[in-house]
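Chemist: Chain order of the listed sequences is A and B.
Residues 1 to 256 in our numbering are what the first sequence spells out, letter by letter.
Residues 257 to 782 in our numbering are what the second sequence spells out, letter by letter.
Just so you know, the hints here were simulated from the structure itself, not pulled from any lab data.
It cannot be assumed that every hint is accurate.
[Claimed, not checked] What follows is a list of derived Cβ distance ranges for each label pair:
#1 Met132/A x Phe473/B: 51 to 57 Å
#2 Leu90/A x Asp424/B: 44 to 50 Å
#3 Arg454/B x Ser230/A: 25 to 31 Å
[What the hints assert, rightly or not] Derived BS3-like pairs: lysine-lysine, alpha-carbon spacing no greater than 27 Å straight-line:
#4 Lys660/B x Lys410/B
#5 Lys423/B x Lys564/B
#6 Lys183/A x Lys760/B
#7 Lys660/B x Lys183/A
Using N, Cα and C, we set each Cβ at its ideal position, and we do this for glycine too.
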Amino acid sequence: MNAMLTWILLLAQVGPPDFSKSNLMKDPASVEAGRRLFASACSGCHGPGGEGGRGPNLMSGRQVRRSDDATLFNSVKNGLPGTDMPPTKLPDEQVWQLIAFLRALNAPAYEVIVSGNEAAGREIFLGKGGCMKCHAVSGQGGSLGPDLTNLGGSRPLNQIREAVLEPNKRLAEGYQPAVLHLKSGKTLTGVLRDYTNYTFTLVDNAGSLYLLRDSEVADRQITQKSPMPSYQDKLTKQEQQDLIKYLSRLSARSTE
Amino acid sequence: MRFGIWMTLLAATSVAQVKYEDILQGPNQHWLTYAGSYSGQRHSPLSQINAANARNLTTKWVYHVPDAKKLEATPIVYDGILYVTNSNQLHALDARTGRRIWVYRDEQAEGQRVNRGAAILGDRVYLVTTDCHLVALHRKTGAILWHKKYADTKDGYFATMAPFAVKDKIIVGMGGGDSGARGFLAAMSATTGEEVWRLWTIPGKGEPGSETWSREFSLKWGGAGTWLSGTYDPALNLLYWTTGNPWPDFYGGDRAGANLYSDSLIAVDADTGKLKWYFQFTPHDTHDWDAQSWPVLVDLVYEGKPRKLVLHPNRNGFLYMLDRVTGQFLKATQFVDKLDWATGIDAQGRPVLVPGKDPTPGGTRACPAVRGAANWMSPSFNPATGLLYLPTLEQCDIYFSSTKEPKPMIGFAGTGGESIPAEPGKFMLRAIDPCTGRRVWEYGLPGPATAWAGTVSTAGNVVFFGDDNGQLVAADARTGKHLWHFGTSQNITASPITYSVDGKQYVAICSASDVFAFGLFEPAVE
């Protein structure tokens, strides 16, 4: 049983967040029914866990979360003209079950039960993991990596797990490692928050922000590899789970 | 040389902090508050773009705000970075290129509404979310420093306003008054987000002003929202804030009395939140004429004496002039032709009412329309010309009322105003001498009367404004002569600003879904 399935079954036990007007969407059994329907009707294109394939990734969080229930329902029920997404003959109740599953798949990690020891995870974050060299929480920490203050409140659990264990699978937008050699002779090392053929926005290792034009840059080295190490081999399984537990509890609104 | 200029900017960008004293200086290369300055004049000393060369303006960049449908924000600019908000979003852009530096999205916020802008202080930018959270972000990275909830949607509150930074505090207000939510103004610590003071715009039971409401129910559910930013006089340490209409908006039978402090200008001690004075423009309002056009602070010679004044163009069609030290009423001038609810304003500042203009179940024609002769779209004031540039709407409505028992928080307003198809509204930009009330010039803005566009004035004797057809227009501030225009192909529901980076002046405005920036054409140099 893979980790994703474990998590989904866990969700089925505790119930998805209340995100819909539909009663079906509030029913934990609907999430499980939706999972079974997804496996038989959707996974061929969208991947077994919704990670994408011939069809788009459905677990990346924002795409599904930004769509309202009616839009999702219509997309599943009627298909998307001009794409390979076909209409379905499933009855409405089962379409809602599919949507309940999609919602659960994309729910922020903070809203689901996650195993592990939060306090131990925090110790790893602050110490052994070295996370704060690059990441900040509530203004404390580095700025080379994404701010994590609201990580659990904004990202699904699967993304957090992936970022910790397989950081190179998906490079965070706006955090591309780069070395820029300026015509002045200065060299800047950091991450590119944005770049085009004509402009560069770089945050260096000291946290300073540079807004540059191409006319100022003599040479550039931009890599596709995440500077974040994988914690697959750096931490024990328990430590990984503790760290993920801590990260999943980071929610800006929960600390008010 | 060019590189040297850039490196200066970069060094500054990495360390600079926005100080209260910087905001006190008013707009220069920066634009640090919603209205540009604490005075709310929206007048910039920049003059590189001027009446002689404005015809050479050209687009410098366009930034599309994903998902945006109705941007109402006034951007702020500091040190070459432009900050613009959408509903529960803040985007930081390179002000020279429009390239995004970072974006903050709060996807946990309840609902989607317009948002009118951000505040900046220290190394932080601030915004309010739809569900009344004040959020502090690091201005360079967008990292979240804290979130503070200051009102609850369960009590009918929401937020759309640009927060307002004064000294060490961030001032916030609320929306929801049209569903009864009781208005307040609150000051939060800029450092921690903790609430420092709160002033209710409807008095508590037994407090002065509570006798102006006939039912105790209204003291809890009376409206008087604070959904727009305000202005501030540092010498007097007074905030000037306007309040919204009493609730239910269109039926006053259950709230006999003046209904303080609805439809008022309130002067508030910035340190303590104590009410220093108030002036009510529309006592016992039944036309939804919120006082939300912000107070413009000016120092002028009036009737032979230099005075500290506050100007306020009200939704009810009159431009008011008050002494901002004492709140004393000085003068009111009718600034639209379509006005029939009052014959004038008396010596005490009270309207001389025309009988039969209250809404009725069968409908009553009255002018101005429910949208108001003026509204939250920005006026501006040029000290050199002495003119107030004011977007105005000539329109009447049919007003309906209902005696139905008011129920708060369900959108019940006691019914409302309906436009008259045979009498379409028309926007006019008017340049008004506030001392005499004379309309020195006016600029017609034909269109469907759907714009909510404001103005900015510059020392280059140019006034920029959005029209009713999606155009950003530049006119000569002295004469109203057309200088330049640019079509955005979108409805404009925001107000322009101007700023400077690397010695180059820009003008920027939000359209429905994009931020546009303009500057002077630069011919190629061989």
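Chemist: Hint by hint, where does the structure go against what was stated? Just the numbers, ascending.
Modeler: Checked against the structure, the hints that fail are numbers 2, 3 and 7, while the rest are satisfied.
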